[in-house]
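Asks: Work from the hints to combine the two standalone chains into their complex.
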Amino acid sequence: MATTNKKESLRGMFFMWALLTAIGLVISVYAPSRLMPRSMSDNMHLTILTIIVFSVAAAPVAAGVYAVALHALRHWIHRGDDVPAPASEQTREHATLTVSWVLASTLLTVFLLIWGLGALAVDNGGNGANPLVVNVTGQQWLWTFSYPGSNVQSPTLVLPEGRTVDFHITALDVTHGFWIANMGVQVDANVGTTTELHTTPNQLGQFDVRCTQFCGLNHAFMVTTGTVVTPAQFSTWLATQAKAQKA
Amino acid sequence: MTTTLEHATQAPAKGGGLARRQNFITAMIGGVVFAWLGWFLAHHFLDSSSRSYSDLVTTSLTIGWIFGFWLGIGALNGPGRWLIGADHTRADDLYYAGENQGRARYWKYCTDHKVVGVQYIVMTAVLLGAGGILAMAIRTELIVPGNHFVNQQIYNGFVAVHGMLMILALIVAVAGPWANFVVPIMCGARDMAFPRLNALSLWTLVGAAGLLLSVLAVGSLTMGWVVLAPISDQAGIGMDFFAMSIVVFTVSTTVAGVNTICTVMTMRTKGMTLARLPIFVWGSMIAAALGLYAFPYFSLVEAQTLMDRNFSTSFFVAGGGGTGWLQANLFWLMGHPEVYVILIPAVAALFEIASVMSRKPVFSYRTAIAGMTGLAALSILVWAHHMFTTGWAPTLGGPFMLTTELISIPTGLFFLVIIGTLWRGNIWMKQPTLWLFGFIFNFIIAGITGIYLSDIPIDNQLHGTMFVTAHFHYVFVGSVLFGAIAALAFWYPKVTGRFLDETMGRISFWLVFLGVQVTFLSMFISGLKGMPRRYSSYSLIFEHANVLTTLGAYMIMAGMLVLLGAVVRSWSHGEPAGPNPWHANSLEWLVPTPPPLENFDVLPVITEDPYNYREELVQA
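If you read the protein sequences in the order shown, they are chains G and A.
Position one of the first sequence corresponds to residue 28 (the numbering used here), numbered consecutively onward.
Position one of the second sequence corresponds to residue 490 (the numbering used here), numbered consecutively onward.
Bound conformation, chain A alone (with noise of 0.2 Å):
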């Protein structure tokens, strides 16, 4: 809808009513609203000496809330509108794409790719925020044994919580802001293929946060984010907000997928081949394809996990003919490829990173693509080493210890690329760099020790305990959110035109580098030592290790909020950068900052790949 070229120059339609009233206030009092309807509904017609009572009154109030929140947001209006034959005139698009709408844009229904990019910032931000205070408390907990800084029963909430909100933060970290930013630019596009879909996608994501945060409030719930049968029949309501949180989720994460594919398929300009993307949009499409691939299984896992509590289908309890086993299965059909949804674009942004900042093309372009892809495939063949130890299947130990371990030759072609393209740079040492090298260093780690967690002789002894978890925090802290970090410090300027604060950005980079290090190390030296994951309390000879992992951990919040205030004062005191302080070549740079509502005024047209860093082009 947005694609036609000429310019509106209309000025925005006065009045709307109601419909252009509504903003996040306006969809939290829906989502409340229609909660507690949900709730009365439930509570007035049911019985409650049922067993499942409490189960289905939450799930009503649950999907009251999340109805209630698009209503309020307005992601009904336009569907409603299509639906009766009044759909949306050129002066409505322009008005939902927040023309002139300042900075009260950020808190609507707003369609422009940019403005739901930088909501996606504050997302990420927000929930990174939420599970790091979670992660500060367990370690609080933790500093030493038999600490009761929390009780048993409040810790074990905190250590699924935790997870929950964590995971969720990285699926959206790198692919939420910049694949809604930057994607579309650099394709040459006037916005995403369906604006309406990529609010919708944010705005979803936001009702489900809310949901999940509820966890917290109402009982929590303390069986491991992974949330396991039969043990999750244990739970209280906080399960059902949880279930319904991911079904919600993945609603999300399946729109704005389905979207990054669309727009990098259909809307690229005049000469941009897919040989000359720029290697972000490739990782881009390619996580949101396996997203696509992997997330149905979530909702799906949850969905019958709802069903057994609400209507006691017994899909995985034992005694009614179901079994846990298809649960952790279906679990982790969707959990190991979505390490690589979270990992993909990390990766892929530093590719771009250590172009730009060596002042290099991507070294070897294709096999880029090709360790990326393959990643991707292989990561759905490798599901069960997540159940090596549960009994289920052990003929099939073997192979999936090969499918597993055939994963170090595309994550090993990372490597080649980022140090092909490195070699004999001239690289400029700047945060996005310095992000860069620590992800090298951690990345090699990550790696390493998953090779260890693939075997299965080595996995009877570590599984289950504290070296799984520093493994996947190596991934998670060491590389995701380091590749996430870059990322930020990178596309910042264009996004505010301001650089992110350099001294603040290094104080952070080096507290939140050595914390990893320290934190996670010790880590892997409890696991070896044989301490068991999600302990509330530990004996004393885990004691050292789980000090230096306390203390590490501080280091990383500190450098996190160092983080946070250099992005909040850079954002309107930072040293102006202008449109392209990189002298990047790819089409995000060569429109102005911040960039215009549909981004170009004339579509550009492509010759080559953004990579040919000749004397002529830096000049720009």
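So here's chain G without its partners, still in its complex pose (with noise of 0.2 Å):
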């Protein structure tokens, strides 16, 4: 390869490197709010929020690693049958380029760590005052909610907006998976074992609840809508449910 196609080639992937980064972006920026269920919970919004982050920082990385296989597909290829001579260029070692590879990587994942990290915290956290406490019970193949303070049960889900909620999960047959798509948390439901979840839903509407734990022959069907709705048509809800359920 002569000297003066060099310089020529590298900025050829360069372009292609800054075109596919712009493209892995784009998608970032709007793929994922678009494609998943609407955000009903600031789990949810820290969810989305961190699949953003993260493929705002990949799409570089991926674009450089396309962008140097794009360039060695269009310019350091060797077609026919006959055998290519050795490259001119023998290199086996480059400790500027690897040293620097491994920085990058590690200060990359070091940024991810922290950020997730904080999420985490940020996930984990965040329970109000005075939480609703939501006992759910999963079992071939219903859910089950039952209000504690109150004799309600019930198969849908109704939760009032802007107040924290406990969940309370456990199984009885066998484990199920316990998620509320909009609200971006889940954990198992377990027998003989109660797993605790919480969530503050801050958007009225309504949503689903699927089982994510494969649960025997129904386990696609084990699905229940689930309303977010004002406090005081909750407070309505709960006492119209009781009065029902006592009758």
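Derived from the structure by calculation, the hints contain no laboratory data.
C-beta: ideal position from N, C-alpha, C; glycine also.
Hints should not be assumed to be uniformly reliable.
Unchecked claim - Some chain A residues well away from chain G (every beta-carbon gap over 12 Å; in silico):
hint: 1; residue: 702
hint: 2; residue: 720
hint: 3; residue: 851
Unchecked claim - Partner residues are not named here, just some residues of chain A that face chain G (Cβ under 7 Å, in silico):
hint: 4; residue: 579
hint: 5; residue: 807
hint: 6; residue: 913
hint: 7; residue: 1026
As the list claims (entries may be wrong) - With a straight-line Cα cutoff of 20 Å, these simulated EDC-like cross-link-like pairs (lysine to aspartate or glutamate) come out:
hint: 8; chain 1: A; residue 1: 1018; chain 2: G; residue 2: 235
hint: 9; chain 1: A; residue 1: 1018; chain 2: A; residue 2: 1032
hint: 10; chain 1: A; residue 1: 759; chain 2: A; residue 2: 1097
hint: 11; chain 1: A; residue 1: 759; chain 2: A; residue 2: 1032
hint: 12; chain 1: A; residue 1: 759; chain 2: A; residue 2: 1090
hint: 13; chain 1: A; residue 1: 1018; chain 2: G; residue 2: 69
Replies: Written as structure tokens, this is what we have:
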């Protein structure tokens, strides 16, 4: 390869990298919130934000590898059945490159870790005062929600907006996975153990509860809907249910 | 035993009685007869009203199967003769190495590492084929919502057995054929350190595969390939078949792993220092060592499951003092290292291919070794990321997130090595190279989506969804399978003396490559939209993504069928390749094709590593 081509060809690689990075950034920012279920809690908001941040961080890295690979396919390929001559540069080591590669990937990993551990702390925190306790029981193949303090049991989940909910989750037969797809939280429902989960709904409207742990024949149909209502509507609903279930 | 230097000239001994008539057929007969015996004894002596009666009968039957299979194939002949003081003679050893037996040796308990390698290719194809047919059935069921191609029970079974077959297929896909066929030659050895154990590992795998395939015939197993406790309690006797097949399979992997390590450590020829080893030998050895750590957990967890079912031991039964979390921990203590047992040989083969094809040394050879070793070491500390959402030990979330994200550093080194090797190379565009570039594209996607899942806030949303399924299919199909096919295309001429058909190979590549993108990118979308895994049916919002996934899956199947056609056709009709078609310098290319029994007339002496692509060596 003539030396005159060197700079030119690497410039092409750089432009390819910039183009691919730009495409990656557009996808990173645009895609997650449009593909994922509507966010109805801070946890879900944080999840989507984290996906965007990680994608933005990953885009230039992926674009770099792809740019080199595409460049190799355009400029360094030897076609035909005859064996190519040995490459002009028989490089075995490049200390600077190796060290900077390790440093760069370490720094990137440290950034992801710091973000991730911070996000985890935020995700686990945010427990508001006076949380609403909801007992969740999974069994093949339905969910039952009960509201301690009242005698209400319901196959659908009704939650008040703006109040932290503490879920106490267990299972009767096999392990199920309790997941609120719009709130970015899930934990298994285990037999003989209670697991806990908390989140604060911040949007009114409907959401889905799906089982994420394979639980037998009708696993695909272990779905129920939930609704986030205003605190006033919630009190009314709870009172009506309590009366109806007493009767 | 086969390291003696004098070359045998005596004719193979005649006769030899029953022991020399043993082959796959007698193994099947032995297996079936002893399985029947196991069933008969258990059935006759056990109380049929007991709760675990059907499990005990099944376990007895499966033990009978594997014992009979070993007896029938001749696995016990050598140890038996040694025990009574009538050890194999040199003539016996040559007979068992398949000398002058033509194609018949491929059906026998053959100790020649090259025969075992070819047998592993066939076993991989059988397991991949069976798993692939199930994948097609799964995707056909899911092509539109509410489709009823098969009933739900059968569908759930297909999902589980597909997973089990494919995991086994990929564990052996690179290490099986190539750690056996080429690694001993690469080291300059006449065979593996323990040729009989080599045959044992292969035929034990065949026995285990028999048990695993039987799962479909005995009412299936519908609980996903991990079969977590306590739902495993609800499984029928398919669970006993599966658990026993894994216990048997781990015997095979252990024997094979010990053999690979001992071969590399003790059988290298003069001058073949560790620093001159081809990088694929390093990869095979590191993966084998990791397998020795990981698979005992697999054996243990399935043996405990068997004991719970057969003897009411309640290791994993919540009501009896056990816990399903113990089962999950043991399973993933195996399950995560196993991913790298599968991945590392494929990556190591691609290092080799990148070097030979671009006519440059492996870039930063020591970094490649450090990357593989680091990955193996880290992989034993990350298992609980599979359990982030189980509720087990939430305080360990942070630490396991840390170890998991550290994985991206050694993985990044793989890219450094491959990119650095290709950099300004004269890259020969042949089939292995094509699959290498496909691997680069897919492995980036696999790696990045893995980082999302290692992050707990994201995992709390995406765990248990199709996003996870898409991620690990980019690892297993997009990366490992691509590496395995590249390795096949690369070493195929050494096995058969012919090239793998280039046109068919390229058609196959494009079908599989595009198929993988269509299938698994759309699967990421259904996962992000919120579709859980292992669903037999789904709501309308997931329809578009699923239609695409199914169409992509058909493309992959079409591509794999073309590849199968190429492999079968080229075996006898391919373009002749000569002993060193890629003009490589590692020892397997410097012996004749096909390599003779015991590989070398005179053992070579090594003075440098195989990556000096100087003009004079290229003549070879």
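Asks: Does residue 702(A) sit more than 12 Å from chain G, CB to CB?
Replies: Non-interface label stands for residue 702(A): nearest chain G Cβ at 22 Å, farther than 12 Å.
Asks: Taking C-beta pairs only, is residue 720(A) more than 12 Å away from all of chain G?
Replies: violated, 4 Å
Asks: Under 7 Å, Cβ to Cβ, is where residue 579(A) needs to be relative to chain G, so tell me if that hint holds or is violated.
Replies: violated, 41 Å
Asks: Is residue 1018(A) close enough to residue 1032(A), meaning Cα to Cα at most 20 Å?
Replies: Holds, at roughly 11 Å.
Asks: Are the Cα atoms of residue 759(A) and residue 1032(A) separated by 20 Å or less?
Replies: violated, 62 Å
Asks: Assess, step by step, whether the Cα of residue 759(A) is no farther than 20 Å from the Cα of residue 1097(A), and give holds or violated.
Replies: holds, 11 Å
Asks: Over 12 Å from every CB of chain G: does residue 851(A) meet that, or does the non-interface label fail?
Replies: Given a closest Cβ separation of 8 Å, the condition is violated.
Asks: Is the straight-line distance between the alpha-carbon of residue 759(A) and that of residue 1090(A) 20 Å or less?
Replies: Between residue 759(A) and residue 1090(A) the Cα gap is close to 15 Å, so the pair holds against 20 Å.
Asks: Does the CB of residue 1026(A) sit less than 7 Å away from some CB of chain G?
Replies: The hint holds - residue 1026(A) has a Cβ within 7 Å of chain G, the shortest such distance being about 5 Å.
Asks: Should the hint that residue 913(A) touches chain G count as held when the rule is a Cβ pair under 7 Å?
Replies: With a minimum Cβ separation of about 5 Å from chain G (threshold 7 Å), the hint on residue 913(A) holds.
Asks: Assess, step by step, whether the Cα of residue 1018(A) is no farther than 20 Å from the Cα of residue 69(G), and give holds or violated.
Replies: holds, 18 Å
Asks: Straight-line Cα separation of residue 1018(A) and residue 235(G) no greater than 20 Å?
Replies: holds, 12 Å
The structure fails to meet hints 2, 3, 4, 11 from the earlier list, while all remaining hints are met.
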